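Going down the list, the protein sequences come from chains A and B. Residue numbers are given in our numbering: position 364 of the first sequence equals residue 364, and the series is strictly consecutive. Every number in our numbering is 655 more than the matching position in the second sequence, counting from 1.
Because the hints were derived from the structure by calculation, they are not lab data. Predicted, not measured: the structure shown is a model, and the values here were computed from it. All residues carry an ideal CB built from backbone N, CA and C; glycine is no exception. One or more hints might be untrue.
Stated by the list, open to error - Facing chain A, a subset of chain B residues (Cβ under 7 Å, in silico):
#: 1; residue: R733
#: 2; residue: R760
#: 3; residue: S967
What the hints assert, rightly or not - Every beta carbon over 12 Å from chain B, so not counted as near; a handful from chain A, in silico:
#: 4; residue: E97
#: 5; residue: L100
#: 6; residue: R176
#: 7; residue: D195
#: 8; residue: S362
#: 9; residue: E586
#: 10; residue: R602
Claimed, not checked - The calculated SDA-like cross-link candidates involving lysine to any residue, where the alpha carbons are at most 25 Å apart (straight line), are:
#: 11; chain 1: B; residue 1: K729; chain 2: A; residue 2: D424
#: 12; chain 1: B; residue 1: K729; chain 2: A; residue 2: L492
#: 13; chain 1: A; residue 1: K486; chain 2: A; residue 2: A411
#: 14; chain 1: B; residue 1: K865; chain 2: A; residue 2: D485
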Amino acid sequence: MPLFLPRHPHGPAGWRCLLAAGVAVAVVGCGRSEKPRLVAEPESPAAPVMPPEPGPAAPAEATFLPPSLADLDRDAKWIDRPVKQGLAVLREQQAKEPVLASVAEALALRNDSPEANAKILSALGRLPEPGAADSSARLDRHVTGDLSSTNPILISSSAEFDILGLTGFGLFSFDRALEPFASAETVVSWQTSADGLYDRIVMRDDLVWSDGTPITAHDIAFTYRVIMDPRVPVPAVRSGTDQLKGVHAYDDHTLVFFHKEPLATNIWNINFPVLPRHIYASTWEEDPTLKDSPEHVALEEKPVCGGPYEILARKRGQEIVLRRRDNWSTFQGKVVREPPYFRDVRFRIIEDPNTALLALKSGEIDEMILQPEQWTTQTVDDGFYELNTKATAPEWVSFHFAWNIDEPFFADRRVRRAMSYAFDHDRMLEKICLGLYQPCAGNFPPGSWMAGTKPLVPYKQDLDKAETLLDEAGWSDHDNDGIRDKEIDGQLVPFEFTMLVNQQPFRIAICTLLKENLEQIGVIVNVRPVEVTALQEMMQKRTFQACLSGWGSGTDPDTSENIWKTGEMRNYSGYSNPEVDRLFAEGRRELDRSRRGEKYARIQEILYDDQPYTWLFWRNSFYGFSKSLRGYVFSPRGPFHYSPGSGSLWKPRAE
Amino acid sequence: MAAVDGFWGQAWRRYRRRPLAMAALLFVVGLAAVAVLAPAIAGTKPVVCRYKGRLYAPCLAYFDRRLEPAIFAKDKFRGSYPRNLAAKDPQSWAIWPLVFQDPYRAVRADEWPGRPENPAMDKGVPSRAHPFGTDQAGVDVFAKMVHGTTVALLVGFVSMGIAGTIGIVVGALGGYCGGWVDALTSRITEIVMCVPTLVLILAIMAIIEKPTIWHTMAIIGFTGWTGIARLTRGEFLRLKGAEYVTAARAAGAGPVRIMLRHILPNALAPILVPITFGIAAAILVESGLSFLGFGSPPPTASWGSILNGARSNLGMWWLVVFPGVAIFLTVLAYNLVGEGLQEATDPRLREARK
Chain A
1 MPLFLPRHPH GPAGWRCLLA AGVAVAVVGC GRSEKPRLVA EPESPAAPVM PPEPGPAAPA
61 EATFLPPSLA DLDRDAKWID RPVKQGLAVL REQQAKEPVL ASVAEALALR NDSPEANAKI
121 LSALGRLPEP GAADSSARLD RHVTGDLSST NPILISSSAE FDILGLTGFG LFSFDRALEP
181 FASAETVVSW QTSADGLYDR IVMRDDLVWS DGTPITAHDI AFTYRVIMDP RVPVPAVRSG
241 TDQLKGVHAY DDHTLVFFHK EPLATNIWNI NFPVLPRHIY ASTWEEDPTL KDSPEHVALE
301 EKPVCGGPYE ILARKRGQEI VLRRRDNWST FQGKVVREPP YFRDVRFRII EDPNTALLAL
361 KSGEIDEMIL QPEQWTTQTV DDGFYELNTK ATAPEWVSFH FAWNIDEPFF ADRRVRRAMS
421 YAFDHDRMLE KICLGLYQPC AGNFPPGSWM AGTKPLVPYK QDLDKAETLL DEAGWSDHDN
481 DGIRDKEIDG QLVPFEFTML VNQQPFRIAI CTLLKENLEQ IGVIVNVRPV EVTALQEMMQ
541 KRTFQACLSG WGSGTDPDTS ENIWKTGEMR NYSGYSNPEV DRLFAEGRRE LDRSRRGEKY
601 ARIQEILYDD QPYTWLFWRN SFYGFSKSLR GYVFSPRGPF HYSPGSGSLW KPRAE
Chain B
656 MAAVDGFWGQ AWRRYRRRPL AMAALLFVVG LAAVAVLAPA IAGTKPVVCR YKGRLYAPCL
716 AYFDRRLEPA IFAKDKFRGS YPRNLAAKDP QSWAIWPLVF QDPYRAVRAD EWPGRPENPA
776 MDKGVPSRAH PFGTDQAGVD VFAKMVHGTT VALLVGFVSM GIAGTIGIVV GALGGYCGGW
836 VDALTSRITE IVMCVPTLVL ILAIMAIIEK PTIWHTMAII GFTGWTGIAR LTRGEFLRLK
896 GAEYVTAARA AGAGPVRIML RHILPNALAP ILVPITFGIA AAILVESGLS FLGFGSPPPT
956 ASWGSILNGA RSNLGMWWLV VFPGVAIFLT VLAYNLVGEG LQEATDPRLR EARK
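Start from the sequences, fold in the hints, and give me the full structure.
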């Protein structure tokens, strides 16, 4: 199934999104479909996560004339690329993994140690033996906000990506290790030309939309045209497709993607959601908003779906119920694809995490993300373990203090380093994160291919060093009032700055710790909690001095270019280093994974020395699961947002 | 025969006869004492200390950071006194606060010789070391409560000081002058009455660069004077026709003198009542704001912000009970004082009681 990767408008393949202020925006692939989506953290309402696309996109295809297939075959040297089925890949991997505990043992366990966590994941995270899954069961998922649209190309919030993961059609996906492949459920073969300029797909001929019409290559070429039409208000999926020269269907099943440049990121650019052409071909020209005309309003309620599920019922603000499509797994009376395990998937919309926890404890929902405090103090008693268990794994979501380099305080690298040396990183991990999160020292996840082989160590608190650095940078107490200051343009400026943070006790506590630490060395911090959207706006306009925020990572390091490259939109720190700029440009064009990795590792080292951020921690996944649920397997992007992701969940047949 | 008491003397005698009102007054006085002495009751900075031959009072830093002597920053005390004092000047001595706990941070292990680190998260159940428990970050709730008293009293008195001043001036002008002045002040009063205080506070807090507790007080003050103004206007309307006022005018007294010297003292008693109730209301508003997370910036110790900490874990009952009881009692006390004042000074109520 396809997973859709939403892109940031200014990045080639947006895999990092702003977590500032509590809307955690991880780009995620949906369980059974391979395009990732954005998730909002449970503590905040699901806000649209991707900023709307500014400016019109270039009209596609208008100027592009595809060569004939014979010409292409003559010119291009085709290289076969992997075509896999997500579930089969996972099944193979699990066959090699040792079983650490029996199901009964794991269900009796309390998740209070890494060993217990490993046992729970090992026993309960398995895929079912043939026939063991209850094929008439219903899965009750938890989402934090309602959909604003059910149209595949209008997706933007986390809930929309979650739903699309189950109802949408797509050609590509990526596995637990974020390695891309074409989905065997929809694709026969995938080839890339040796020069990296073309991708050729041959689709299966046994695919139909939920209304019975065949799904063909023309649907994909049509969708590309609609996405790239500037009149259509596409919020998230256009960045990425805008890197393509064109998409052409040569017949019902043969499709070629034409790239402008041979980039390492091309695989993420050809991965977008698909519209049924027979439905929209006659309506979209009249109503390019895809939302306003009576036909489109009716389609919002009951969209024609290409994925394994279709929307059965929807109560706004309360729930969305999906029903398994029989004509997904069977074609002309024959079973052609493995049907999904659940007959129904119900998404319950609950904004408040405390209410959601009550729903989990009473068995109304089968899973939810737990907050650190919920994990440590509210899910340890019999009341919780009666119906539920919980599991955790590392996730690629990191938090940091961002320093605005344009401010007089933070222009000097020595000052930024002093900030990092002043902060009691260990205490934060132990007392505020309660030992649940991993220390973070750089922008790429440790152990990943882009992070390099030398692990970075966070700046350890060393107040003497911090004071020396501040003295060197000219910030010392000249007027004897106990507060450091420096003469700037003839004025004595005291070192007093405002730290912005969103209204969350956990994050405020981290800022308060920094305040306490800096006060010890004569620097005054005013912690100012602000509302999510206000914080984002101040960051975008760069009217802040320092702030606590975070980034959720996607699959490719290239997308973080717009965080670090000189003058880029999301370079909120105002960081500029020609070497970093050059390394990003080179990284995108380098096709060899290990040489590419070296470039990104070098970027990380430079950033570590310059400390435009003080990196804090990697936030892990923490989930509560119903004891009746099985098959949860975690990726660096959580348990659902890769392939098979949520498609690997199942419930055992009642004895 | 004893000298005949004046109006206030009589009022005080009548007030003293009401045990509830007296208890409330004592409670308020007690709170004021706690507020003023807060740094000496709970803190980690010495009340008085002798260091390198000179006397200092670092505890004043709790009132204003600038009052902390710079020598301690120069000598790299880094906010921790007990060990540094002894290590850097063996001759030094210090008088410590009654409770060695900080309202803004958790006391670290061995910061006070032999004392363990404050418990954090849900481990901070009230105990002998922490009679009111500790919050999620390990900050002692008793210390927060004591320093929160300062905030609560300040909010009440400062905001009602502002409101009282504006209300009395506007009401006196309208009531005494009459005519277009009265029409104007009455309309202004009505307009201000329509401004929703809470919404205004939220909006202004979002706009200003560095919001502090003083901004909250100012907004409550600048919007809360309407009731006082209307009462004052009524009293001035009534009294400006009184014979003694006519007499004063005949004697050549100017309008300002008549308003301040003659009418105001006689109108003051009924005006004091809404001011007392206003103090209670202001404390409630500040607590509510802090509870919602829009109050004074962290880590200011305010009763409402302690309550806010309990939202994420209701199992930590001590974060609900102690500040909740404190807010309840304080608001109740001010209301009782106001009621006592009303009954002691209003002749009509007095008549009715007889």
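Okay, the hints, checked on the actual structure:
{"no.": "1", "hint": "R733", "verdict": "holds, 4 Å"}
{"no.": "2", "hint": "R760", "verdict": "holds, 5 Å"}
{"no.": "3", "hint": "S967", "verdict": "holds, 5 Å"}
{"no.": "4", "hint": "E97", "verdict": "holds, 34 Å"}
{"no.": "5", "hint": "L100", "verdict": "holds, 29 Å"}
{"no.": "6", "hint": "R176", "verdict": "holds, 32 Å"}
{"no.": "7", "hint": "D195", "verdict": "holds, 54 Å"}
{"no.": "8", "hint": "S362", "verdict": "holds, 17 Å"}
{"no.": "9", "hint": "E586", "verdict": "holds, 42 Å"}
{"no.": "10", "hint": "R602", "verdict": "holds, 37 Å"}
{"no.": "11", "hint": "B:K729 <-> A:D424", "verdict": "holds, 21 Å"}
{"no.": "12", "hint": "B:K729 <-> A:L492", "verdict": "holds, 18 Å"}
{"no.": "13", "hint": "A:K486 <-> A:A411", "verdict": "holds, 13 Å"}
{"no.": "14", "hint": "B:K865 <-> A:D485", "verdict": "holds, 19 Å"}
No hint from the list above goes unmet by this structure.
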